[in-house]
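Participant: Okay, here's what each chain looks like letter by letter:
Number of protein chains: 2
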Amino acid sequence: MTDFTKRLTDELGRDLVALGQDIPERAHRDWSGMDPVEPLALVRPRNAAEIGAALALCDAHGIGVVPQGGLTGLAGGAQPSADAIAISLERMTAIEPVDAEMACITVEAGAPLAAVQQAAEDAGLFLGLDLGARGTCTIGGTLSTNAGGNRVIRYGMAREHVLGLEAVLADGTVVSSMNRMLKNNAGYDLKQLFIGSEGTLGVISRAVLRLQSRPTFSTSALCGCRNFDDALALLKAVRAGLGPSLTSFEVMWPSFYDFMGKSLGLPRPLAEDHGVYVLVESSGYEEVRDREQLEATLGACLEDGTLADAVIAGSERETADLWAVRESVAEYSRLMGKLTAFDVGLPAHVTGRTVEVLEAELRKRWPDVIALSYGHIGDSNLHLVVNVPSAGDEQPHGEITHFVYDTVRAAGGTISAEHGIGLLKRPYLPYSRTPEELALMRRLKRALDPNNILNPHKVFEMDEESGSQPTM
Amino acid sequence: MTDFTKRLTDELGRDLVALGQDIPERAHRDWSGMDPVEPLALVRPRNAAEIGAALALCDAHGIGVVPQGGLTGLAGGAQPSADAIAISLERMTAIEPVDAEMACITVEAGAPLAAVQQAAEDAGLFLGLDLGARGTCTIGGTLSTNAGGNRVIRYGMAREHVLGLEAVLADGTVVSSMNRMLKNNAGYDLKQLFIGSEGTLGVISRAVLRLQSRPTFSTSALCGCRNFDDALALLKAVRAGLGPSLTSFEVMWPSFYDFMGKSLGLPRPLAEDHGVYVLVESSGYEEVRDREQLEATLGACLEDGTLADAVIAGSERETADLWAVRESVAEYSRLMGKLTAFDVGLPAHVTGRTVEVLEAELRKRWPDVIALSYGHIGDSNLHLVVNVPSAGDEQPHGEITHFVYDTVRAAGGTISAEHGIGLLKRPYLPYSRTPEELALMRRLKRALDPNNILNPHKVFEMDEESGSQPTM
Chain A
1 MTDFTKRLTD ELGRDLVALG QDIPERAHRD WSGMDPVEPL ALVRPRNAAE
51 IGAALALCDA HGIGVVPQGG LTGLAGGAQP SADAIAISLE RMTAIEPVDA
101 EMACITVEAG APLAAVQQAA EDAGLFLGLD LGARGTCTIG GTLSTNAGGN
151 RVIRYGMARE HVLGLEAVLA DGTVVSSMNR MLKNNAGYDL KQLFIGSEGT
201 LGVISRAVLR LQSRPTFSTS ALCGCRNFDD ALALLKAVRA GLGPSLTSFE
251 VMWPSFYDFM GKSLGLPRPL AEDHGVYVLV ESSGYEEVRD REQLEATLGA
301 CLEDGTLADA VIAGSERETA DLWAVRESVA EYSRLMGKLT AFDVGLPAHV
351 TGRTVEVLEA ELRKRWPDVI ALSYGHIGDS NLHLVVNVPS AGDEQPHGEI
401 THFVYDTVRA AGGTISAEHG IGLLKRPYLP YSRTPEELAL MRRLKRALDP
451 NNILNPHKVF EMDEESGSQP TM
Chain B
1 MTDFTKRLTD ELGRDLVALG QDIPERAHRD WSGMDPVEPL ALVRPRNAAE
51 IGAALALCDA HGIGVVPQGG LTGLAGGAQP SADAIAISLE RMTAIEPVDA
101 EMACITVEAG APLAAVQQAA EDAGLFLGLD LGARGTCTIG GTLSTNAGGN
151 RVIRYGMARE HVLGLEAVLA DGTVVSSMNR MLKNNAGYDL KQLFIGSEGT
201 LGVISRAVLR LQSRPTFSTS ALCGCRNFDD ALALLKAVRA GLGPSLTSFE
251 VMWPSFYDFM GKSLGLPRPL AEDHGVYVLV ESSGYEEVRD REQLEATLGA
301 CLEDGTLADA VIAGSERETA DLWAVRESVA EYSRLMGKLT AFDVGLPAHV
351 TGRTVEVLEA ELRKRWPDVI ALSYGHIGDS NLHLVVNVPS AGDEQPHGEI
401 THFVYDTVRA AGGTISAEHG IGLLKRPYLP YSRTPEELAL MRRLKRALDP
451 NNILNPHKVF EMDEESGSQP TM
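If you're matching them up, the sequences are chains A and B in order. Residue numbering for the first sequence follows the UniProt record's numbering, beginning at 1 and increasing consecutively. Residue numbering for the second sequence follows the UniProt record's numbering, beginning at 1 and increasing consecutively.
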């Protein structure tokens, strides 16, 4: 036990602080795929004041603090460090009863997303925020990373669901802004500082989330287009025709659609092959009307040639068949082994051409490459997954990453659409942000965390030199 | 000419700087009703670099800068000061062609809101942001104050319409984050600093605004409820029944409805008197279906007794009749002379009781008082307008204000729902924000504007003592 961990244990009590072998292994890593690391200590506070006590002590001693939620982040934002403590929000999972009149719910940061969704539904309302990791990810982590997910085209990113927030500053001060009103312009909107800053400006302890009226029916269609430009024309048409009923617009290139479909023997509801495949989902309040609206909109697109083919699901079973390939992404690792995966954003008009270039150039460099492209194109978000079978466990991660981010930078895109920067993308942050923006981020960080204890080395290094050059 | 204004004119050129009588009178005041003041100089830059040049010079000399847009703010945020220059964005009104694929539009900060709305409509899209001052207010002012307005229940506050932003810092640095993508999590979301901070952290120079698919039909209903609790039950019912088609939920108490209706001889579409009146507006994409949905939802409320009566407009003329009283607010001053007006937020469940208390207590203190209550109750936003006829031009503003804000504070509300703090509400900011929040606001201000040149004295004073005590 170091002097610091002894002091920490003495001040917070043995119940709150785990050391060495008492730290559960799951706290040694997040889902970024980095090597496990035992943190200096694991603190499990029961409330914001206890988070504050831990932070104040760390701040006084210059010890780093890594906040941990569900540990489902893919960029390394919750990855622990041997010289920093980890703070787990796992004991702060309270969910208050839904406020039906204000259409909001108040939760502690450690509450899992799925539990909050369920509480909203039990009260006849609906949380517009949804991610694949819903059963494990927590509200605190979801907000810290400003997560996106499945319904962004309709309900926006995590940020847009937050009415109020409580966060603990580096010096231990609890700043509570638990607003429940849609409109509140009394001074600066401080919650924005903590949303999406990946735990580097404060530790989120509680939140008030906005709830929506719950759509009662969803209808899905799988569409085939000749090329990406036609898919963009389809996007315009369904935006205009479905308005706020449009809840998904997922594009799958043949690289993804054919490889996953064939490898897993999944249903192929469209008879012919197409240049790109698009899943369109409409969600509304009246089944027959909503279906008619979707049919009319897609019918017009078939007639004017925007669509080559389309099939609308007529049952839950058919819906599952249409989504089967899109939802097969959990099978990647089993099919391909080690991967290099991307979550980039691209302006719509260059997305088609950029995917062509990326796939062709990767194939030129690694002839046996498997490069799968798909994404939330309604949100400008492209996912690309790359594996070079001949490289086995020694995947050329660095070279692939460098090439992809170079291409995204040249296309005016962003290196992170929804997963954040964490540790893994830190070297590439200057690809997407200007020197003036990076300087302002560091200025904010210095103002809020002068001793650089909050999730140090994440997002950017405070020392400009050490954080700015990607190494391969 | 002072040394400073000479230097300013020499560096920026006579074309950019107006002094003394060359400053147009309209720059002497905003719509807050404060007395006109001639600023030290009026600078009219043509681009962000010129804003930067002016700010850098002011920063070096410790001279304050008051940014001015359309000057329609009601809280004094753009009110000039004799010892500070004003910067008008009036020459920066460019509107770029709509990006239809990304559904966004790029504009300079001085562009009037109505012109941006028109550009969106010309491209077949729709800006969800709308205020009464649309013809005069600018995008820069609208974003600086995070304005709300008429469609918040459906499209959110100004903040939620911003994809990208460019702002000029106190030292003249131009920070450009002109993102057009719905998802972009590459580092801190810096634009949030400048939205809603009323020009105290930077001067907004350009923005990328998100556009929506344009609803093609709107249908309005005027509803009569026995009391406010029934109006809240109606709100729940129309949220569930109309979903995202619900675009207005405007409550009018009899104090407002009867006074304005009778004074102006306006149509009274409901036969009987009611405890509260509610305007419900539904906007969608298919006229017959949308109307049926509204009829069914209100029909169920009539049947279960939530509604006492309701009339749905069948023509544009009827729609105008239903909205006539709500839209008569421009006639206040003509009817009543000097006013004390409020824009407060209240939690839904206490709103009815709070309005009762406010109106009754005002009447107790000033028996002839005219106190009119109405608001965007779907957004928790109450407007209250007070006039004491017997006081003539010597309205007891201070006493009324103190009493109303005391009551709002006790009810857990906010002293500013959508108009901001500016100068007028500054003494009351501590009624709605905690000492920890105020300390964090000051910390941010110090970090971004160490010489306190940006809109000084607005929102809060940097010196804690001078800004915290309301005087009557």
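Read the hints as simulated data drawn from the structure, not as lab findings. Take the hints with a grain of salt, since some may be wrong.
Identical copies go unnamed one by one, so any copy, or any two together, can satisfy a pair.
Unchecked claim - Keeping only pairs whose Cα atoms sit at most 16 Å apart, straight-line, the calculated EDC-like set for lysine to aspartate or glutamate is:
{"#": "1", "residue 1": "236", "residue 2": "99"}
{"#": "2", "residue 1": "364", "residue 2": "399"}
{"#": "3", "residue 1": "364", "residue 2": "99"}
{"#": "4", "residue 1": "6", "residue 2": "316"}
{"#": "5", "residue 1": "338", "residue 2": "273"}
{"#": "6", "residue 1": "262", "residue 2": "394"}
{"#": "7", "residue 1": "236", "residue 2": "101"}
{"#": "8", "residue 1": "236", "residue 2": "121"}
{"#": "9", "residue 1": "338", "residue 2": "361"}
{"#": "10", "residue 1": "262", "residue 2": "272"}
{"#": "11", "residue 1": "338", "residue 2": "368"}
{"#": "12", "residue 1": "236", "residue 2": "318"}
{"#": "13", "residue 1": "364", "residue 2": "83"}
Participant: Quick one: which hint numbers does this structure break? Sort them smallest to largest.
Facilitator: The structure conflicts with hints 3, 4, 5, 6, 9, 12, 13, although it agrees with all the remaining ones.
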